[in-house]
Amino acid sequence: MLKNDITVEICGTSGDGTIAAGGLLNEAMSRAGFSVIAYDSYPSEIRGFGRCVTKSRFGLEQMLAFSDKVDVLISLNDSQSYSRTPFLAKNAVVLFDNKPLAKVKEGGSIAAHVGPDANLFGVPLINLALEAGAVRKGKNLAALGAFVALFGLDPDFFRPVITNKFKTKGAEVIETNIKIFDAGFNSTLNNYGEQAVEALFAPVKNKNKGKILVSGNAAIAKGALDAGLELYFGYPITPATPIMEIMAKELPLKGGKFQLMEDEIASIGAVIGGSYAGKRAMTATSGPGLALMAEMISLGVMTEIPAVIIDAQRAGPSTGIPTKTEQSDLHAAVFGGPGDSPRIVIAPTNVKECYEYIVKSLQLAEKYQTPVIMLTDCFLNNRVENVLLPEKSSDQMKDCNIYPDNSEKGNYKRYKITESGISPRAVPGMEGFVFSSTGLEHTNDGKPADTPQIHMEMNEKRHRKILNALNDLPEPEEFSTEKLLDLGLITWGSSVGAALEATLKAQKKGLKVGMLKVPAIYPYHSDHISNFMNRCQEILIPELNFTGQLANLIGHLHKKVVLRLNQTTGEPILVCDIINRVEDILAKINK
Amino acid sequence: MAGDHFIVIGNGPAGSQAAFTLREKAPDAEVSIITREREGCCHSHLLPKFLAGTVSKKDLFAISFDDYIKKGIKLRTGQSIVNVDISKREVLLDHKEILPFSGLIIAVGGKPRIPEPLLVFKDLLYPLKSFSETTIWQKKLLNVDSILMLGGDLTSLAVTKALLTLEKKIYFMLNEDAFWPLRFNKTLYKEVSRKLTEKGVEVLTGLKIKSIARISEDVCRVRIDDQEIEAGLIGAFFGLVPDVKFLVRSGLQIDRGILVDEYLSTGIEGIYATGDCAQIYHPELHDYWISIGTKNAKALGRLAAVNLLGGMEKTKVSKESIFDIDGIKVNTSWWSEF
Chain U
10 MLKNDITVEI CGTSGDGTIA AGGLLNEAMS RAGFSVIAYD SYPSEIRGFG RCVTKSRFGL
70 EQMLAFSDKV DVLISLNDSQ SYSRTPFLAK NAVVLFDNKP LAKVKEGGSI AAHVGPDANL
130 FGVPLINLAL EAGAVRKGKN LAALGAFVAL FGLDPDFFRP VITNKFKTKG AEVIETNIKI
190 FDAGFNSTLN NYGEQAVEAL FAPVKNKNKG KILVSGNAAI AKGALDAGLE LYFGYPITPA
250 TPIMEIMAKE LPLKGGKFQL MEDEIASIGA VIGGSYAGKR AMTATSGPGL ALMAEMISLG
310 VMTEIPAVII DAQRAGPSTG IPTKTEQSDL HAAVFGGPGD SPRIVIAPTN VKECYEYIVK
370 SLQLAEKYQT PVIMLTDCFL NNRVENVLLP EKSSDQMKDC NIYPDNSEKG NYKRYKITES
430 GISPRAVPGM EGFVFSSTGL EHTNDGKPAD TPQIHMEMNE KRHRKILNAL NDLPEPEEFS
490 TEKLLDLGLI TWGSSVGAAL EATLKAQKKG LKVGMLKVPA IYPYHSDHIS NFMNRCQEIL
550 IPELNFTGQL ANLIGHLHKK VVLRLNQTTG EPILVCDIIN RVEDILAKIN K
Chain D
30 MAGDHFIVIG NGPAGSQAAF TLREKAPDAE VSIITREREG CCHSHLLPKF LAGTVSKKDL
90 FAISFDDYIK KGIKLRTGQS IVNVDISKRE VLLDHKEILP FSGLIIAVGG KPRIPEPLLV
150 FKDLLYPLKS FSETTIWQKK LLNVDSILML GGDLTSLAVT KALLTLEKKI YFMLNEDAFW
210 PLRFNKTLYK EVSRKLTEKG VEVLTGLKIK SIARISEDVC RVRIDDQEIE AGLIGAFFGL
270 VPDVKFLVRS GLQIDRGILV DEYLSTGIEG IYATGDCAQI YHPELHDYWI SIGTKNAKAL
330 GRLAAVNLLG GMEKTKVSKE SIFDIDGIKV NTSWWSEF
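These protein sequences, in sequence, are chains U and D. All residue numbers for the first sequence refer to our numbering, where the first residue is 10 and numbers rise by one. All residue numbers for the second sequence refer to our numbering, where the first residue is 30 and numbers rise by one.
Worth flagging that the hints you see were computed from the coordinates, not collected in a lab. Any given hint might turn out to be false.
Said to hold, decoys possible - Pairs of lysine-lysine, PhoX-like flavour, derived with a Cα cap of 20 Å:
1) D/Lys198 - D/Lys168
2) D/Lys198 - U/Lys99
3) U/Lys114 - D/Lys125
4) D/Lys87 - U/Lys99
5) U/Lys266 - U/Lys407
6) D/Lys151 - D/Lys237
7) U/Lys99 - D/Lys190
8) U/Lys112 - D/Lys117
9) U/Lys112 - D/Lys125
10) D/Lys190 - D/Lys228
Extracted from the complex, chain D is given alone in its bound form:
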């Protein structure tokens, strides 16, 4: 493996696990991670608690920078890839640096999803899926008292809980079809609505946003049907979509994510995709699936690395799990319909 340069794009649970596996199994190879994030691999499920101040920054990060350095993994933070040239086997970074690779694992994860009707208000919506987005929330919260929560993914419920501890006024626009990646059934929808109301959240149901206007640095006026509310911060919680726009010219097969087989191979020799950005073919279901969850991402990251080095391990469907967020139980599985 001496002389090999393996590049991993993304430093989430899947990317970092892939890099550490490569390092372990190919000790002489050069292993680099390119990540747009400035911080390390973070426990994203702890971000709401970090926002509430109950978890420290140190606890948020699973792996320290020193861990990468000690293992000889070159971690390039704050750097983005703008193209992958599969014929030349090189990636082009945003700052025009070309990196040749002998093996590539794409683990860019997802980016916050903003539904089409709301895209026009994108600049006024604040997702909370990464550490950098959380720090923006922290800064904003210093000056605002009221927050409008849009969407309804799992993070939104945890963030709402965190915001309540900060004694903020919360409006929650709960739409039956907004919950992602699952769809609510009527029972769950009612239960979530009831729980939120009990906690002092003003739940707005069955309504649609007509306009959002920023009237000052810290106040937005939101018109919802005939109702008008003012909110200092508008959170967008519509889940994640694979962040693979930079691959459109690469020749890799892209649907919503990167299409890979059950071995996580893109079909191009030495190029694998894993984690939230991969749409994985499931031979039993005869369809492509996408995964969520840290545990699953790690497993897939390891698997991509093993297979890149010549292994032939197949992905497996994980068992169903239940999310329990503050008494609200959400049935899901590690494999969820996209």
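This is chain U alone, in the form it adopts within the complex:
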């Protein structure tokens, strides 16, 4: 039987070329027509000895999440790979270097740590790299060649990808790397030809035509550029830095301005300043940076100036574990401002939505004159998928600012009280539309004021405006076929994929389980969420934080206490963990 869905992990230590090999594998498999979802996990230290793992799932249909088990483990460093063996699927393939440079003591090889059902394939990875004239770290290319041979894949999908990867390093480097790849391929074919593992299913030719293999970070950057971003200010922080790196390169080419700032406070300050001047501006950060931005975001709320902030969440608090994923900034994003400072918080759930929601965020920020925080997380920022992104269109670049009517010229009230809460916004330089902006509470023409009535009116206006934004925010999406459900899952952000796969599996078993995806975190669609909750006997909210931050936010909408599945492992939530919890809950219900 051909395999139609496999999960591959490459594991090594820093410097083994693990992440690079994963990138090449994903790109080539995408070219070959497979659906790809992949994610890298690496140590928080910039350089040193830590475990690097790149996990990829290849299939025919769009992948929602990672599978719980690993079908193929490629070990570039056995001492790091031991820890991955508990995750091996039955009869998993383990590809490892069977000719290390020195003998190893008992237990020093991955071969000592796998179960009897594992299919070990030893390939002399380092030797092949050295024989090809490279240094030992070229073993990653030999491993890729071996993988291709074992699974009967066409090496011609890989060679162009390798060439492209090393194109800036010259013909000699390209040639050496191709040579190592070929050596791994040929050696494996010669040694295991007749014993090669089951072939993968043949992907449909041209299936991925038009699709690009892109990470969440790259999709955000591309979306922002397609939406006509004009200014980017940033300060590096994992896992958001790649957005800044792309912007540094690409934005000036499109006529925009990129500025590396001295810290996150300066970054958000510059974004607000740029937006004040009428430019489309954004920044990207992570939890610690968001904390620093809190006051400036409040300034944006008070002055009603657009700002888009990507918060690529990572395990916290404080510096936390920079390279591990978590969904624990929801409270900080929604409530993390002094005073009553409502802002829009939106959370994409996959790479395609990273693209779509950054476009939407920039537009919402303009239309509602407010900071918009787009909550992603390390898993979503770093994971790659091959997706069909929308064509760049003039709609994406549309100026969504609501400008004042000419009739207001000379008598312009920047903070006019309106039914929608949106006060038409002039930008500096518009003749006859002079106004002042301040972080102090202000009158409708922007002058500082501290009367109870004005503060109450303005507070009410600012909240009304944000609540009205609900009309433009993506609605919750339901995945169920039943009217009444025993259990409803409500999820957000990167956990949606795993929850959806768990839900579909439960439904396949005939269980009355449904799922609601909530992309708008604040304001949220309370009616829609309540309706769903009312049709469910129990509600379970799986998320990657300790207390259940979405549950804290929306749990009150349910007539009963909502159930929680909170994980802070630093890793994406697993489908099996959700299924196990679902089955436990259903067992109690049906008792």
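With chain U fixed as given, assemble chain D onto it according to the hints.
Relative to chain U, chain D alone:
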């Protein structure tokens, strides 16, 4: 026994029986099996039936992987030993891992025998003695219609029967001296030939292979004296020889197999050999003998384990048995001349 690490090389009937006996009698010791095979201990006599599709994979394997895990036996599949250092008391695996042992039982079994004149064609000959070799046959049979059977050991007759059920054209090169481990007498030779012919097998007798050439992925042209035939698959059935090449530098006494006394001891303390790979000294015959058959292998595996743990049990000659393969009766015994 706590702190002891007993290593068994090989997971056939003898090796697995040795490991389970060690586990039973030395519950605190660490017991590991190293086997080159990827699968578990299989009923090799059922392989032809598995090929014919009348036996499932599940039925083929006597012991499940879970059984080893439950018993706390570390089974390392797909791993080979390249050297045994008797002075340091450690084995070296192909992937350069060193395993120290306090006791060692070598039960590597046999590997398919290819007679010297045919060694030049080795890459074109397909034995069928293990599960992995059977899966290769399965794949090949999907694309070939004709098979040339060479040799004439007991397996060949069972495989021929299986292939007939798959409606394949079979050529059988039957040579009087090719039957292994026995030699045919004239009567038996004629009987086998007649039975095969009756079943539609084209029996080629008294001939010699001059050349084999692969003319395509699934066709080989075989020149036999003046005759030329085309076969999709050429099976090699010349029995087994002890697979002990990895021990040549070990210092253990090797003839065709590992020489052991009637207690299965190699003469090196704590190192025993058992099953098909052992040449066992028979004090009554004053000569070395080799065993065949699952039943005997199991008995020897148990015995090696018992003696490794301090027992002093001697090997015994089993009674004569008769193989009956599809009406062809072959007299042999559990102890056969090598």
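Hint check results:
1. Taking the CA atoms of lysine 198 of chain D and lysine 168 of chain D, the gap is near 17 Å; set against the 20 Å cutoff, the hint holds.
2. The straight-line distance between the Cα atoms of lysine 198 of chain D and lysine 99 of chain U is roughly 38 Å, outside the 20 Å bound, and the hint therefore fails.
3. The hinted pair formed by lysine 114 of chain U and lysine 125 of chain D meets the criterion: a straight-line CA distance of about 9 Å does not exceed 20 Å.
4. Proximity of lysine 87 of chain D to lysine 99 of chain U is assessed by CA-CA distance (about 15 Å); at most 20 Å being required, the pair is judged to hold.
5. Distance restraint check for lysine 266 of chain U and lysine 407 of chain U: the Cα-Cα separation of roughly 19 Å lies within the 20 Å cut-off, and the hinted pair is therefore satisfied.
6. With a C-alpha separation of about 16 Å, the suggested pairing of lysine 151 of chain D with lysine 237 of chain D holds against the 20 Å cut-off.
7. For the hint pairing lysine 99 of chain U with lysine 190 of chain D, the CA-to-CA distance comes to about 34 Å; that exceeds 20 Å, so the pair is violated.
8. A C-alpha spacing of about 15 Å is found between lysine 112 of chain U and lysine 117 of chain D, which places the hinted pair at or below 20 Å, so the restraint holds.
9. The hinted pair formed by lysine 112 of chain U and lysine 125 of chain D meets the criterion: a straight-line CA distance of about 5 Å does not exceed 20 Å.
10. Distance check on the hinted pair: lysine 190 of chain D and lysine 228 of chain D sit about 9 Å apart at the alpha-carbon level, within 20 Å; holds.
Figure legend: structure checked against the earlier numbered hints; hints not met, in rising order: 2, 7.
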